[in-house]
Amino acid sequence: MKKYMLISPIVLFIILMLAQDCWAIPAFARKYGFNCNMCHTAYTKLNDFGQRYRDNGYQIPGQEGHEKNVLETAAPIAMRLTLGYSAYDNTEGNTNSFNLFGFDFFAAGVLHKNISFLLIYTPRVDEPGADYTGNDALQPGGLESVSLIFSNIIQDALNLRIGRFEPGYHVFSSKRSYYLFQPYEIYSFSSPRNDYNFDDNQIGIEASGHFRSGFKYAAGFINGNGAFADNNKNKDFYGNLIYTFGDGDGQSAGQRIGMFGYYGWQPTNVPGSVVAPTGETNGNQDENFYRYGFDGSFNWETFNLQLFYMNGIDDKAFNSLDQTQDYKYSGGFAELDYAALFNNRLVVSIMYNWIRPPSYDEGNYLNAYTALVRYYLGSWTAVNVGLHAEFAHRELGKTDKQKDNLIALALDFAF
Amino acid sequence: MKKIFTAISFFIFLLPFLLQAQESVAEPLTKINVHNLGPQRLSNLPAVSVPADNPQSSLKIALGKKLYFDTRLSNDNTISCATCHDPANGWSDEGPTSLGIKQQRGGRRAPPVSNAAYFPLQFWDGRAPSLEEQAKGPIENPVEMGNTHTEMLKTVDNIPGYVDEFETVFGTRVVTVDLVAKAIAAFERTVITTDSPFDRFVRGERDVLTEQEKQGLEIFNGKGHCTACHWGGHFSDGRFHNIGAMPAPGQPADSGRFVITEVPSDMGAFKTPTVRDAALRAPYLHNGLEKTLEDVVELYNLGGRTDDPNLDPLIVPLGLSDAEKKALVAFMKRALTSLNPEVADVKPVPSSEFPR
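Residue numbers (the working numbering), protein chains in the order written: chain D, -2 to 412; chain H, 278 to 633.
Pulled out of the complex, with its shape left as it was, chain D reads as follows (with noise of 0.2 Å):
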């Protein structure tokens, strides 16, 4: 490990002496012409004026209907590549290699006023017909989002989207992480035979909307299964309530609080019968289970304290440890961001990821220690290149701890 420590900044201060003033070629942003600190703190997180962009479905406040719309504009598509070099150690061994980490590619745009549209597809990086048992083998298509946005139906009070879309309790997106390597682990948590993940973009309709007064709303219902056909016909449902004080909606500038909460079921037996031809079943001994929690976000100057609490309730029935009893958890991240030099050009990161599990799965009690620090070439008309270093430190299980280490350097490019 102490050899990759010492590679890193080598690695790092090389590509920077390889930096140079550039204007360069638009692209992703090339309809406003705007560079990526418009709406951008640094890439990939949101600023206050991209967090309200977004909120009015990709219009400026204020220009909706004089938005110029996707066939107006240069093809509205976009994409990004993350690749670099990872080691990775644990109590097993070690190992390191060259990776494509991930690429997205993206399309938005305004169809009409008021009315946009969001497409990502992630395809996946392995060899056509290779036999890939990766986590990520079940995903079908990789279309991690594509959703329609009819904006101000009751002026900023009610915005819709409708498709896969990233619910609004998503209120610290892991899509728009600066970190690469370390997720947002509360997320993807769940008790041993729930096949919710709370990360996962969803499939159904929401609805969302602020006020003047600082409240900001957001309510869905989804199949809460991600991707994939619904496998019960019921429909699990959200809401988010956020208030926003200060000067700013607390991604970059004032404070934010919120709290939200989301009920849902899943089969706990395997899927029933498929009864429609896309593949949706009946369920089977359908049970329910809750997530609910507060989160916060906080400024001063460029420093931004971002705090996520989660307490999780499934059914005893997913409970295969002790069925019993409900399985109860909780857990959470603390995040401090720092962006600086001029026009936010470096971002350094701290987290801190907990999960507090029922005290008869302590195998699953994780502590999880994460810095980052990201340098970006330039802040380009729509194109970005950002060198990415990121370590990790990750403590499973509360008494025999297994103990992991990541470091990872990557180049994040968009354009």
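Just so you know, these hints were derived from the structure itself, not from any lab.
Note that the structure is a prediction, hence the values are computed from the model and not measured.
Glycine included, every Cβ here is placed at the ideal spot set by N, Cα and C.
Please note that the accuracy of each hint is not assured.
Just the calculated beta-carbon pair ranges, DEER-fashion [stated by the list, open to error]: (1) H/T487 / D/Y287: 17 to 25 Å; (2) H/T487 / D/L408: 51 to 59 Å; (3) D/R173 / H/G383: 44 to 52 Å; (4) D/T70 / H/T467: 31 to 39 Å; (5) D/R173 / H/G481: 29 to 37 Å; (6) H/S334 / D/S170: 37 to 45 Å; (7) H/T538 / D/R173: 34 to 42 Å; (8) H/G383 / D/Q152: 32 to 40 Å; (9) H/T538 / D/Y118: 39 to 47 Å; (10) H/R404 / D/Y287: 53 to 61 Å; (11) D/Q152 / H/K379: 32 to 40 Å; (12) D/S170 / H/P323: 34 to 42 Å; (13) D/I151 / H/T449: 50 to 58 Å; (14) D/Y118 / H/P323: 32 to 40 Å.
Using 20 Å as the maximum straight-line C-alpha spacing, the simulated DMTMM-like pairs for lysine to aspartate or glutamate come out as follows [said to hold, decoys possible]: (15) H/K602 / D/E298; (16) H/K603 / D/E298; (17) D/K325 / D/D196.
Take the given structure of chain D and dock chain H to it, following the hints.
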């Protein structure tokens, strides 16, 4: 059956949106007023569009220039258009607000005439739809030129040299307010600043901007959020925003665009001025309360200086560092200051050259 009903209801709900979308076949961009579109790339200024009923001619422009500088259009022969829209003050005035007839202080500062031809609406509140309409307003404003259109026309009619020129330009010896306005507007359409260091930079002279100015451009177009409103070749969206400006001391809050539209969201909103040549015309904003460009940048950095509930949603605190603020100011100060000799060298028409 219930699901079918739900699906049909949902489709009916979507139908109005879909039909609207169907109607929205895009017009060719050339037929659309640039200000009807959303933000455009920062660029060189396009050619000025000229209304069909007021084509440009050199004689008309010359006539308009004389009228522009002629104090005899005012009630007491002391105020001309150029008194407040002074070429020596970046085609605006010394501020903080304009000083009109009999030393009366107006409530707002004179918007610059340079590049005003690119605005779809004139005045801070957009109450005039054209330069021609704008030119008529100050003549009969009691705190500006303090005249009436009738009295002004009597004055012009009694100057044979003007009547002769009107006949030459418009083919009639009957001078009307509309013809006076057309001549002045024709002159104003020549006050265009197309050649700044920024323009040269865009045309490919990459070394014309200093490193700090390039950094300023980067901030202008990103973290500073300036291009959310100050976009395109004109560095203005031509629209109206409440930016959280302080009201003038001892004065009631200016309702701005709301007076014209009576739309609540227009309360306290004013037209986005162009940033071109901004360095030539301090102080800033509609009430001249921001004395320097540094002050203006600080206003935006704070996300406005007031807690106005009607603050435009585009206004958010920026978190600019001192270096970023300085770069931004450096960009606006020199890089956007025009080098056009035909505009920079415009001198007032001496009274000896006015028609007699």
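Quiz item: Honestly, which of those hints from before does the structure not fit?
Solution: Hints 1, 2, 6 and 11 contradicted; others consistent.
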